[in-house]
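Asks: Residue numbers (my numbering), protein chains in the order written: chain A, 1 to 378; chain B, 1001 to 1329.
Among the hints, a few may not be true.
Said to hold, decoys possible - Non-contacting residues of chain A with respect to chain B, defined by C-beta distances greater than 12 angstroms in every case (computed): (1) A28; (2) S148; (3) I176; (4) L217; (5) K226; (6) R229; (7) M291; (8) M360.
What the hints assert, rightly or not - Result set (DSSO-like, lysine-lysine): computed pairs, CA atoms no more than 30 angstroms apart in a straight line: (9) B/K1300 with A/K363; (10) A/K226 with A/K17; (11) A/K356 with A/K17; (12) A/K356 with A/K226; (13) A/K356 with B/K1300; (14) A/K226 with B/K1109; (15) A/K193 with A/K159; (16) A/K356 with A/K159.
No wet-lab data here; the hints were simulated from the structure. Glycine included, C-beta positions come from ideal geometry on N, C-alpha and C.
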Amino acid sequence: MKSLSALLPRNVGRRGKIIWIVVGVLFAYSLPLLELPLISTPDVDFAGVLFTMAIYVLVALGLNVVVGYAGLLDLGYVGFYAIGAYSVAMLTAEHGSLGWFAALPVAVAVAMVSGVLLGGPTLRVRGDYLAIVTLGFGEIIRLMAVNSDWLGAAAGVTKIPAPPNIGSDSAGIFAIPHLNWDAGYPLIDLSNKTEFLKFGVLDATPYYWLALTFVILILIADVRVKDSRVGRAWEALREDEDAAELMGVPTFRYKLLAFALGAFVGGLAGALFATRQGFVNPQSFQLLLSMLFVAAVVVGGQGNRWGVIVGAMLVVYIPERFRGFADFRVLLFGLALMLLATWRPQGLLPPLRTIKARAMREKLADLESGDDPEASNA
Amino acid sequence: MQFLVDHFFELTITGLALGSVYALVALGYTMVYGVLQLINFAHSEVFMYGTFAVAWTFTLFGATASTSTAGIIGLLIVALFAAMATSAGVALLVERTAYRPLLSRGAPKLVALISAIGASFALSEAMGLRDRITGFVGLDGPLRDYVSGARDNQSLPVSLDPAPVVTIGDYTVTTIDTLVIVSALLMMIGLDQFVRRSRMGRGMRAVAQDPESAALMGVDSQRVVRVTFLLGGLMAGAAATLYMIRIGTTRFDAGFILGVKAFTAAVLGGIGNLRGALLGGLVLGVAENWGSAIVGTQWKDVVAFTLLVVILLFRPTGLLGESLGKARA
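Extracted from the complex, chain A is given alone in its bound form (with noise of 0.2 angstroms):
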């Protein structure tokens, strides 16, 4: 339990770090069967809403690896996305009939992979050139997919299978009822029950729970990496690449190592996506995309975990929620993100770290220009 303990504050007892952990996690797991007013979205279905939420932080969770930690500007992270989301679609429906659990592990290998090649000659680029090698790369991507007939061009493919079901076909294991809340306070409503565990079309918990399991593993994972040898050594590049490579950091090694991880992370939840949506076309590639998980990391705080976790779930979540200005959405998401880049240049939540190296500095100006409170109180 010590890596999860990790994600607490350190104020509370070991006990109840576990009780606080676990009360967590069912809160989450149980979010769509809740319905709660005011959070649920009204328009659209809340499951899927809460799937999409977890999507995007599994791809905010990976391109922090690589923007927040290791400070490389990715601009195509849509690119590992697509890949992962293709490699589910080829294996599976298009060229092969792996089953969901076999063809997983391998579309995320190339996705990783691929991270590999394009980060072994282009991590040598300066940090802003790479800007836009992995926008290129991005797009380049997509309009493979577009352009060639052997990942189904512009149609895209169809037919993904769902992952296997627990239990039977037709009902699962057993069936939980979700709650209703119309009059007021919360009735049991038996006609609305998500079955244990029966992957269909309707019903999209239990693809939240499937990507909520990822989003935990990967946040367990994140949380030990990050405090381990590899963690600092991305910081200490991060902070200044020289200094790190004359202190004996192997520079190059760890940025293709952050690419990697930020490339596997990505692939994952573009497996993830498409396996929930049946089917994937390039559309679903736009390299806006890419510029939308750069919003929800720096938004939320880039190399704070819990910071791009709150980014990508406001990224998701302002413009589901507010689907009554369906057409102005972009428009008004344009707008917010100028006004919080303005109002938290830091992001939502600033790592700690940030927070006090901003603090020091800020003491040492007032020592310097002599007017510090505190000496001038001595």
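Following the hints, complete the assembly by docking chain B onto the known chain A.
Replies: Positioned in the frame of chain A, the structure of chain B alone reads:
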């Protein structure tokens, strides 16, 4: 391959014409990058507003297919000024709303990028929803000619008939090709001379080299930044006019892919380097045409990006290197 050999001159000259448009837009990216070390993501929208200014000028003066040649030339000149003014205005708006509030607080670079992406979304969607937005204030009726079909292609109401100028190989160069290439070159020479010789240009180079020392020497860096955006906008407006002469059609999201291409051109030539932007634009335009002749038009963009990656591998700072600051007077 045979197609490339057969149509070599045609592909080269149309490539140069397209490349000059890329180069003009690339100047905006390269100058902002040179001065602020920021990728101005909203610059593609600055260009897009210029293309609409051109189309609207033609609508405003009631141009039809029967307008005389002299009339069209006059309109084009008016449209050029309208587009340059519009683009410069949008560029200054972007500077004011998306950059200045952040820069004055010393926000990290990546955040300015996000803010610019936000501005880009907002500007492009505002154009795509112009019928609805004017509808709020009840102006969608009177302005119908300008705002209807906000999400569709908008074309010039006249078709520009190019006259032949000279035949090279088997391709007849038209007035439009000549106009586009020559005016782009003239604009760029003018800008280059401005940055090299004028007092303001010296200030820009100083800020690009070392903002702190420049400030100590009395350069008003805020003003330099504003002028940089203004010049980038003017060039984008000119590019928009040439683009409309050559392509004739625009849309609320037409800026995006052209912006990406222009930025590629800027990086290709060496970002922050004005002459690099010109070279990068021309190389990109020609290479795209040749490449798509060999592997097929649908791979045009792939050719462009692959070229970029290959060149950056061998010349990591672009063809001419980065040097807005290093340019000698």
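Asks: Beyond 12 angstroms from chain B, beta-carbon-wise, is A/K226?
Replies: Holds, because the least Cβ-Cβ distance between A/K226 and chain B comes to about 19 angstroms, which exceeds 12 angstroms.
Asks: Holds or violated: A/K226 with B/K1109, Cα cutoff 30 angstroms?
Replies: 23 angstroms, holds
Asks: Does the structure keep A/K226 and A/K17 at a Cα separation of 30 angstroms or less?
Replies: Holds, at about 20 angstroms.
Asks: Taking the closest pair, is the beta carbon of A/M360 still more than 12 angstroms from chain B?
Replies: 15 angstroms, holds
Asks: Sort out whether A/K17 lies within 30 angstroms of A/K356, counting only the CA atoms.
Replies: 25 angstroms, holds
Asks: Would the pair A/K356 and A/K226 pass a check requiring their Cα atoms to be no farther apart than 30 angstroms?
Replies: 18 angstroms, holds
Asks: Between A/K356 and B/K1300, is the straight-line Cα distance small enough, at 30 angstroms or below?
Replies: 49 angstroms, violated
Asks: Between A/K356 and A/K159, is the straight-line Cα distance small enough, at 30 angstroms or below?
Replies: 51 angstroms, violated
Asks: Mind verifying the non-interface call on A/R229? Its CB should be farther than 12 angstroms from each CB in chain B.
Replies: The claim stands: A/R229 keeps its Cβ more than 12 angstroms from every Cβ of chain B (closest is about 26 angstroms).
Asks: Take a quick look at whether A/K193 and A/K159 sit within 30 angstroms of each other, Cα to Cα.
Replies: 25 angstroms, holds
Asks: Since A/L217 was said not to touch the interface, does its Cβ keep a gap of more than 12 angstroms from each Cβ of chain B?
Replies: About 28 angstroms separates A/L217 from the closest Cβ of chain B, which puts it past 12 angstroms; holds.
Asks: Can we confirm that no CB of chain B comes within 12 angstroms of the CB of A/S148?
Replies: Label violated. Min Cβ-Cβ 10 angstroms, cutoff 12 angstroms.
In summary, the structure is inconsistent with hints 2, 7, 9, 13, 16 from the numbered list given earlier, while agreeing with the others.
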